[in-house]
Every structure is written in C-alpha cells, then in structure tokens.
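**Q** Order-wise, the sequence lines are chains G and E. Here the numbering used here is used: the first residue of the first sequence is 1, the next is one more, and so on. Here the numbering used here is used: the first residue of the second sequence is 1, the next is one more, and so on.
Calculated from the structure, these hints are not laboratory results. Take the hints with a grain of salt, since some may be wrong.
[Said to hold, decoys possible] Straight line, CA to CA, 30 Å or less: simulated DSS-like cross-link-like pairs of lysine-lysine:
{"hint": "1", "chain 1": "G", "residue 1": "Lys-14", "chain 2": "E", "residue 2": "Lys-94"}
{"hint": "2", "chain 1": "E", "residue 1": "Lys-169", "chain 2": "E", "residue 2": "Lys-26"}
{"hint": "3", "chain 1": "G", "residue 1": "Lys-14", "chain 2": "E", "residue 2": "Lys-26"}
{"hint": "4", "chain 1": "E", "residue 1": "Lys-94", "chain 2": "E", "residue 2": "Lys-27"}
[Said to hold, decoys possible] Partial selection, computed: residues in chain G whose CB lies under 7 Å from chain E:
{"hint": "5", "residue": "Phe-20"}
{"hint": "6", "residue": "Gln-41"}
{"hint": "7", "residue": "Trp-65"}
Don't be surprised by glycine CBs; every beta carbon is placed ideally from N, CA and C.
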Amino acid sequence: MATAEEHKNEGIGKYLAAYFCILALAGLQFVIAYQNITASQMFRRMLSVAIVEAGLAVMFFMHLWSEKRGFLLFVLVFTISVLLAMQYGWTDSFRLVHCGGYCS
Amino acid sequence: MSQADMTMQGHSAGMMTDRPFAIPTKKLAMWLFIIADTMTFAACLVAYGFLRNATPDWPRPFHGIFNVAVMTFILLTSSLTMLLGVQTAKAGDKARAFRWTIITALAGIAFAVLHIREWLGLIGEGMTLFKNPWGTGLFGSAFFSITGLHITHVIAGVIALTVVGLRYKGGRYNADDIEIMGLYWHFVDLVWMFVVPLIYLLNLAH
C-alpha cells in the first residue's frame, strides 16, 4: 500500500506539466492578439488554442482521463454534439453583416 | 414477506445502489451540473459571436492586456493550488489540504477584485448595459452578462471553497468533497479560457 507521502507526490509532476502547458497556451493567445491578421483568422487561431487548453484542463485537472472510458465518452460525445448543434446560426450572422439582412 | 415483495425490494435496492459509470453519486451530480453549465456559457458565447459577427461597428475598447493577463495568471494558478489541495486531501494531510483550499479561495477573491476594478473602469468611461461611447450598445450587454455570469461563478466558488474547506477541517466532509469542489473550480477556470480570447483579445484596440 502506498504511504501518505507517496500519495502526496503521486502525479504532481504531471499536473505541473499540464499547468505550464496551459499557461504557455494562454500566453500564445495574447501573442496571437497582437498579430497583424484578420479578425476571422484571429478568431480561428485563438479558439483552436482555447480548445487545446480546455482539453488539457478537462483531461488532467478534472481527471476525466482517469475515469471509466464509458463516462469519458458520455461527457465528450454529449457535450461536443450539443456545442456543435449550437453553431447553426453563423450563416445568418454573415447574411446580416454582408447584406444588411435583405439578401436571401 | 411475500416472494413478490422480496423481488421488488431486490429490484429497488439494485436501482439505488448501482452507480452509473462506477463513479460516486455526488461526483456524477457535479459532472452533470458542469455539462449543463457548459451549455449555458456556450449559448452566451455563441450569441455574443453572432452579434459581434453581424454588427459592423463593434467596439474595441480594450487598450491593454496587463489586467486580463494578471487575472488569467491568477485563475490558472488557482487551479494548480486546487489540485494540490485535492492531492493532499487524498493523502490524508488535512492541515495542508485546508491551507491549499483557502489559498485557492483567496486567489478567487483576488480575481474578483481585479474584475470588479475593471468593470468600474469601463463604467467610468461611460459603458452601461445599453450604451457605450465606442459603438453598438450591444457590446455592454454582451460583456457585462458573460463576464457577470462568470464572476458570479467565481464568487459562488469562493464561498463554496471556504465552506467545504472548513467542514473538511472540522471532519464533516472528506477528501471526496474537496475533489468535487475542485471539479467546479477547474470548470470556472476552463470557461475563462474561452472568455479571454473571445471577449477581451478579439476586442483589443489596435
């Protein structure tokens, strides 16, 4: 059986690595903010970085990786499918900005 | 007791004790709350994205990143201190687990203070829910509602961390409760990872 001290040190290195990765990715978002690119490029890059950050946080900080595979799949499939379903309105926002809402 | 009663009792006992996905009930409840809250924040952020994309004169009021960078650093670091709290609680080190939990709560307070200071600055510049000096009034409602919802979660988290920490120290709660509280706190941190680029960095004045 592992001692209390062993328990304490168990996985701290892994969590520190995840923390520094997330910190670096957060820093990368600030760098992207000052790049000379279009708003849509900036949006795509920042969102990609945010998704990687969130993935690290969910898997390591929230320990989803060490849960049962069935639970991991339940959380990911359910959440991602609803998040994707929310994206249906984007075409309408482009219609509004490009045609002032009058084009079909 | 009849055979039918015994069968019914056996069934309900099985239904009550089976744990879905083999995780404790309280932890499952927190995960379900987190999934539901993810939908709330996602709906707010998607609605904000729609408005921002469809509005030509969207304001870009942020001139610097120092404040938001410090807030991000504090919140990310508070996730690490929360992790240390969970680890030490699981190791049975009550005093240190309590200390890390309270440090996390203090980081949450620091974050909230910086956030409120920023709000007051923007309000001082003339921004309200319905108008601002830079462009469409929708910006104020989007900014205050999304960051307001987030800061509400932070403040609720600070209160919950303090209560859970004290009850853990007093022996009423155990390490599992600290872990469940940690899940909530990491979620608050996770939401901020999307709020920063979408609300702040995309609206930097260049």
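**Q** If a hint holds in the structure, say so; if it doesn't, say that too.
**A** To see whether the hints hold, each was checked on the structure:
1. Distance restraint check for Lys-14 (chain G) and Lys-94 (chain E): the Cα-Cα separation of roughly 22 Å lies within the 30 Å cut-off, and the hinted pair is therefore satisfied.
2. This hinted pair checks out: Lys-169 (chain E) and Lys-26 (chain E) have alpha carbons roughly 19 Å apart, not beyond 30 Å.
3. Restraint check for Lys-14 (chain G) and Lys-26 (chain E): the C-alpha separation of about 26 Å stays at or below 30 Å, so the hint holds.
4. For the suggested pair Lys-94 (chain E) and Lys-27 (chain E), the alpha carbons sit about 20 Å apart, so the restraint of at most 30 Å is met.
5. Proximity of Phe-20 (chain G) to chain E is violated relative to the hint, the smallest CB-CB distance being about 9 Å (cut-off 7 Å).
6. Checking Gln-41 (chain G) against chain E: minimum C-beta separation of about 11 Å lies over 7 Å; hint violated.
7. The beta carbon of Trp-65 (chain G) comes no nearer than 13 Å to any beta carbon in chain E, farther than 7 Å, and the hint placing it at the interface is violated.
The structure fails to meet hints 5, 6, 7 from the earlier list, while all remaining hints are met.
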